[in-house]
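Take these sequences, add in the hints, and give me the full structure.
Same order as they appear, the protein sequences are chains H and V. Sequential numbering from 5 applies to the first sequence in my numbering. Sequential numbering from 5 applies to the second sequence in my numbering.
The set of hints was computed from the structure by calculation and includes no laboratory data. Hints should not be assumed to be uniformly reliable.
Identical copies go unnamed one by one, so any copy, or any two together, can satisfy a pair.
As the list claims (entries may be wrong) - Below, a list of computed lysine to any residue pairs in the SDA-like style, where the Cα atoms sit at most 25 Å apart:
1. K110 to W86
2. K41 to N153
3. K113 to D131
4. K19 to E44
5. K19 to P43
6. K197 to G21
7. K41 to T56
8. K110 to S85
9. K113 to Q87
10. K19 to T56
11. K110 to L219
12. K113 to A193
13. K41 to P155
14. K202 to L147
15. K110 to R90
16. K110 to T152
17. K19 to A201
18. K202 to T83
19. K19 to D45
20. K19 to G109
21. K19 to R75
22. K110 to E88
23. K110 to V123
24. K202 to R29
Protein chains: 2
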Amino acid sequence: MAPRAASKTAESSDKVGVICRALRRAIIEQALEPGAKLPEDSLGERFGVSRTIARHALGQLAAEGLVELRRNRIAVVATPSWQEARDAFDIRIELERLVVRQLAGKLTKNQIAELTAHVDAEDRARDGSDAVSIRLATEFHILLAHMTNSPILVRYVSEVAYRCCLTLSLYSRPHSSECAINEHRAIIAALVKGDEAKVMGLMHSHLDSVANRALVAPAPQRGRDLLEILAPYAEERDGGRVVKLSKVVRAR
Amino acid sequence: MAPRAASKTAESSDKVGVICRALRRAIIEQALEPGAKLPEDSLGERFGVSRTIARHALGQLAAEGLVELRRNRIAVVATPSWQEARDAFDIRIELERLVVRQLAGKLTKNQIAELTAHVDAEDRARDGSDAVSIRLATEFHILLAHMTNSPILVRYVSEVAYRCCLTLSLYSRPHSSECAINEHRAIIAALVKGDEAKVMGLMHSHLDSVANRALVAPAPQRGRDLLEILAPYAEERDGGRVVKLSKVVRAR
DNA sequence: GACGCCTGAATTGCATGCAATTTGACGGCC
DNA sequence: GGCCGTCAAATTGCATGCAATTCAGGCGTC
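Below, the structure is given as structure tokens:
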């Protein structure tokens with residue numbers, strides 16, 4: 005397989021690209037949880053570059069929605085709201101339907117082998133950490149997108165898939181990505197068979213079920229967004245005295 | 005209406021955002037044609053900032069696909085291939101179907117008024133320059149996207165719409181955006197009526213016809229990408245002698 | 001006359017430095 | 001004991017400087 009020459013859009017300058025890829029991976033594997041701080045010079049030091057480069061990388065990731073950039077404040081890993089997560093999945097469904105529509109019946113033998121190999125790898129990773137499973141599942145979809153040979157589609161699918169991955173780590177209960185592997189196999193089979201409508205339906209229900217398994221409750225379970233979670237309790241009383249929020253706000 | 009606080013994803017640092025917006029607008033109004041050079045310090049000087057900022061802005065625009073960034077070379081306005089243009093439209097169709105699906109029957113009075121006012125402005129701009137007409141037509145779609153209140157959708161629709169706009173300037177013959185105004189009115193009407201299927205169909209055929217009016221021939225008519233255009237002729241002979249391409253390459 | 005090389009000017013790649021802002025912690029006050 | 005103002009440390013915002021690369025034009029050669 006060709007060493008997929010630096011995804012072209014940006015991050016071409018390599019140094020920036022390396023940092024972007026590393027951070028993306030760290031984020032989707034949850035080594036960096038949503039809300040984690042990303043100071044420019046720590047990053048620069050870690051990767052052996054100056055702040056200028058680290059800053060540029062953060063800019064790119066912010067454009068992708070993985071990182072939140074606040075003026076004069078330390079950048080943090082993004083914490084998408086539940087609604088944003090839902091929106092991301094809606095978009096993802098449409099984009100990936102487009103992918104499989106373009107791919108149905110048009111896969112080469114090599115591509116089929118590559119996809120199968122990937123799903124096999126997913127299978128083998130079942131026993132490993134959840135983080136790796138989730139990353140592999142995401143990469144399956146990105147691999148599909150690559151096969152369309154449409155750089156734009158690749159970029160959007162990748163972005164939105166990463167975003168979804170990030171939200172999964174926020175809102176889903178553990179082990180929610182288990183049974184996805186069979187669905188991946190079914191999609192490959194339908195692609196090979198060339199049944200456009202069928203494979204679009206499969207992809208739709210696959211993503212829909214991933215989303216539904218994950219986004220059951222509108223209220224986050226492991227919330228970092230304390231302020232938002234506690235908003236309804238702001239006026240709550242604690243033994244007759246109004247509880248001040250300042251302490252909680254500090255804790256943020 | 006709230007002054008829609010700086011599109012949030014990036015370009016928040018204002019200075020970068022200002023340059024991005026200015027360049028985007030210049031590009032879609034064709035003040036900057038595809039292939040136009042964008043040297044960092046000229047930009048910086050023009051906007052009264054240092055190269056650092058100009059560079060950052062170029063990075064953002066590159067991520068959006070409006071600018072091409074080649075290592076150690078002057079950045080240029082992107083010149084999407086015909087295939088990329090087609091892909092962009094395909095994606096755009098799906099995204100905008102999603103927009104109107106979410107919006108059907110849910111518009112407030114204010115929003116309806118805003119949309120109507122915008123189309124009226126498009127009407128008034130008919131006599132003006134083509135560039136302005138095209139920009140307004142594009143902004144109609146972005147305005148719709150904003151009304152979904154989904155930042156992700158806004159970002160993707162904006163991006164892909166700008167990209168399409170850029171390709172229109174490359175491949176379309178003049179005056180191809182004329183009759184779109186009535187289609188915009190029809191879409192508003194269907195949105196108000198709340199007929200989801202109808203409005204999705206309308207949006208689909210609207211964009212499809214824009215694309216088809218523009219992207220009729222796979223071969224660009226006003227090509228800037230000389231190298232690509234001339235590739236088939238590379239071995240062509242000119243009166244018995246092989247024509248060297250170096251001169252043409254220089255002209256790029 | 002056209003091609004190719006070679007050199008100065010232009011331009012980018014990146015690091016660093018300084019000013020401005022935020023952070024968070026300490027001490028005083030109610 | 002908890003709240004608020006003040007101040008040093010940490011951090012970002014941005015400009016500038018230097019090295020490396022590319023670009024453009026002139027010269028010599030075929």
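Review point. Which of the stated hints cannot be reconciled with the structure, identified by number in ascending sequence?
Key: Of the numbered hints given earlier, those the structure breaks are 2, 3, 6, 17, 18, 20, 24, listed in rising order.
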